[in-house]
Amino acid sequence: MNDGAAGGPGSGPAPTRESWTKRLFRLREEPPYWLRILLGVSSVGFILIVWAALTSGSIPEERAISPAVLPSLGETAESLPRLFGERGLIASIAASLTRVFLGFGLACLIGIPFGMLAGAWRPFNALMTPLVIFGRNIPIAALIPLTLLWFGIDETQKVMFLFIATVPFVFSSAASAVVAIHQRYVETAQTLGASPWQIFRKVLAPLALPQVFTDNRQLFGLAFGYIMLAELVNAKRGLGFLIQISQKRSQPEDILMILVIIGLLAWLIDKTLAWFQRGLFPYRRDL
Amino acid sequence: MSEDRPSPSDAPPADPEALLAELERDTAEALAKAKADAEAEARAAQPPEEAEAAAPVVEVSAPADETPAPEVDPPVVAFRNVTKTYGDGPKAFTAIKDLTFSVPDIPGKGEFICVLGPSGCGKSTVLRLIAGLGPQHPPTIGEVLVEGRPVTGPGADRGMVFQDYTSFDHMTVEDNVAFGLACRGVGKKERLEQAHHWIDKVGLSVGHDARKYPHQLSGGMRQRVAIARTLILKPRIILMDEPFGALDPSTRMQMQDNLVALWRDLEATVFFVTHSIEEAVYLGDRVHILSSSPGTLLREIQVPPPDRPAQAMQRDPEFLEYVFDIRDTIETLEASRRAGDD
Numbered sequence: 001m002n003d004g005a006a007g008g009p010g011s012g013p014a015p016t017r018e019s020w021t022k023r024l025f026r027l028r029e030e031p032p033y034w035l036r037i038l039l040g041v042s043s044v045g046f047i048l049i050v051w052a053a054l055t056s057g058s059i060p061e062e063r064a065i066s067p068a069v070l071p072s073l074g075e076t077a078e079s080l081p082r083l084f085g086e087r088g089l090i091a092s093i094a095a096s097l098t099r100v101f102l103g104f105g106l107a108c109l110i111g112i113p114f115g116m117l118a119g120a121w122r123p124f125n126a127l128m129t130p131l132v133i134f135g136r137n138i139p140i141a142a143l144i145p146l147t148l149l150w151f152g153i154d155e156t157q158k159v160m161f162l163f164i165a166t167v168p169f170v171f172s173s174a175a176s177a178v179v180a181i182h183q184r185y186v187e188t189a190q191t192l193g194a195s196p197w198q199i200f201r202k203v204l205a206p207l208a209l210p211q212v213f214t215d216n217r218q219l220f221g222l223a224f225g226y227i228m229l230a231e232l233v234n235a236k237r238g239l240g241f242l243i244q245i246s247q248k249r250s251q252p253e254d255i256l257m258i259l260v261i262i263g264l265l266a267w268l269i270d271k272t273l274a275w276f277q278r279g280l281f282p283y284r285r286d287l
Numbered sequence: 001m002s003e004d005r006p007s008p009s010d011a012p013p014a015d016p017e018a019l020l021a022e023l024e025r026d027t028a029e030a031l032a033k034a035k036a037d038a039e040a041e042a043r044a045a046q047p048p049e050e051a052e053a054a055a056p057v058v059e060v061s062a063p064a065d066e067t068p069a070p071e072v073d074p075p076v077v078a079f080r081n082v083t084k085t086y087g088d089g090p091k092a093f094t095a096i097k098d099l100t101f102s103v104p105d106i107p108g109k110g111e112f113i114c115v116l117g118p119s120g121c122g123k124s125t126v127l128r129l130i131a132g133l134g135p136q137h138p139p140t141i142g143e144v145l146v147e148g149r150p151v152t153g154p155g156a157d158r159g160m161v162f163q164d165y166t167s168f169d170h171m172t173v174e175d176n177v178a179f180g181l182a183c184r185g186v187g188k189k190e191r192l193e194q195a196h197h198w199i200d201k202v203g204l205s206v207g208h209d210a211r212k213y214p215h216q217l218s219g220g221m222r223q224r225v226a227i228a229r230t231l232i233l234k235p236r237i238i239l240m241d242e243p244f245g246a247l248d249p250s251t252r253m254q255m256q257d258n259l260v261a262l263w264r265d266l267e268a269t270v271f272f273v274t275h276s277i278e279e280a281v282y283l284g285d286r287v288h289i290l291s292s293s294p295g296t297l298l299r300e301i302q303v304p305p306p307d308r309p310a311q312a313m314q315r316d317p318e319f320l321e322y323v324f325d326i327r328d329t330i331e332t333l334e335a336s337r338r339a340g341d342d
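Residue numbers (my numbering), protein chains in the order written: chain A, 1 to 287; chain B, 1 to 342.
Since the hints were made in silico from the structure, they are not lab data. Be aware that a few hints might be false.
To be clear about the criterion: a stretch of chain A counts as covered by chain B if any three or more of its residues have a C-beta under 8 Å from a C-beta of chain B, and this derived list gives those stretches [said to hold, decoys possible]: (1) 189–199; (2) 202–209; (3) 266–273.
DSS-like, lysine-lysine: derived pairs with alpha carbons at most 27 Å apart [what the hints assert, rightly or not]: (4) K202(A) <-> K212(B); (5) K109(B) <-> K202(A); (6) K202(A) <-> K189(B); (7) K188(B) <-> K234(B).
In this text the structure is predicted, and so the values were computed from the model without any measurement. Ideal placement from N, C-alpha and C gives every residue a C-beta, glycine not left out.
Build out the structure end to end from the sequences listed, making use of the hints.
See below:
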């Protein structure tokens, strides 16, 4: 909070005499860019400070938390060269991302068109509803032994695991995006002579697409999380595999560093997708 | 659909109410006759050109049996004893009841018909029945005929402009306007050429606006796009459901002027639902007044066609007389409805 006060006057003159504290508590008002960055940085900073405090002390016995449980910031940073070098972090990142892109990509390729059809043509939705409810609530861990039995222990199993785990979510998000389009658009198209298929192709699907894209940006995060799970079993590369080996070798600093890298990676991917989204849908300023 | 909310009274109309309605109709007819006479006199005293402008001031009391002879073209639109009821049992709600009217097919000319009535009287229901849009379509009882054939569903021969802005957000203005032609399979070059022609006709700038997306336009401009998108298909019937309802008064008058100019070039029958009596009297050749729910056609008034810009004409005392007369009719209706609710 004090950080905010220090940043206030430095950010330029404020001709309106309304105090910034008052503005800060206004409902639904986006704070200025510098304040958003500052607040974001301060939350990360807070965690780092607590972390540093809990792990301070030169002798391990003097620390509040033992280094076997929580290594210090410095120790975690020192794991970086090792991870990139002998532990092959880059290859693992590439392996994990490839699996996510293949598995989740397949889920999008099948889930989005069929989901949109279900949103437009309700009998098909009624047909799919039981399967989708089942698929969304299936215990994800149970899919691992099952896919191992069905698809073996290689890449196919990991891709199919991701596909099965995410396709119900992709499907229902696409269906509800189409359902949410106001009936007026359909009626307008009808009175302009469009056939049902033309309405689906030219009106419903494109109008739903921005929402579908937004939903799938979030689902991508889910898929990225799921892949670690699949990589705990029978993987030779991948971020999940690295984490598991680190645990076996009792290297918590490696696990923490990998988690930080996963976070950065996910953020980077989301930003890239958002950039694509703005380019693809110039008519949706709200995205 | 604000028109379709359930009626506050669940019971079917009792006899006294029916009698009251009968009485009201008689009174309205008598009033209408008296007024027609007075107007005929006034017309006789008018200079010839003005008399021509105000020419056919005829009052028809509904329901009239089919007026045209069987050899003549079938009416453009005919409602035959149309009733629309939603639900059944004690929760049933009748939006319109025993509605009968017809709009004759005058060769080379379409009529501009404005539909007025207290809120909740089923004005939109009438339009949506003509358009063939559910859940209003199909009627519970009776038939809706367009050029002699029963309406089976929506089609491009009956274009519709809604009150809400229904521009397709993902298409540029020119693609919005060309949408119907694209659905018909007209080639890209030709349909864009026609779209540009219509963008210009509705008062937008081809160079400036054609490639914009709807979110870059004001409400009035979006309605211009919606009108161009409908008119480009040259529909026989144009249905407009309070298209200017969300616009500010001055934009509204500009739109009215533009619509009058456009309509003169078209052989289309327009049904225009509005809340504004001024708008109805200005735009219409005829004004249909519906009674409150269940809606029935109460009065059909011939009004002078728009011969001047909206701003000028809507100050004319003669014009205002029509407005006040219709306002009184509607107020009587709403008063009797409130009395009925108690």
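Comparing the hints with the structure gives:
A stretch counts as covered by a chain when three or more of its residues have a beta carbon under 8 Å from one of that chain; for the segment 189–199 of chain A and chain B the count is 8, and the coverage holds. A stretch counts as covered by a chain when three or more of its residues have a beta carbon under 8 Å from one of that chain; for the segment 202–209 of chain A and chain B the count is 5, and the coverage holds. With 0 residues bearing a CB less than 8 Å from a CB of chain B, the segment 266–273 of chain A misses the requirement of three and the coverage assertion fails. Between the alpha carbons of K202(A) and K212(B) the distance comes to roughly 18 Å, so the proposed pair stays at or under 27 Å and holds.
Taken as a hint, the K109(B) and K202(A) pair is broken in the structure, with Cα atoms around 34 Å apart against an allowance of 27 Å. Our distance criterion of 27 Å between C-alpha atoms is met by K202(A) and K189(B), whose separation comes to about 18 Å. Restraint check for K188(B) and K234(B): the C-alpha separation of about 18 Å stays at or below 27 Å, so the hint holds.
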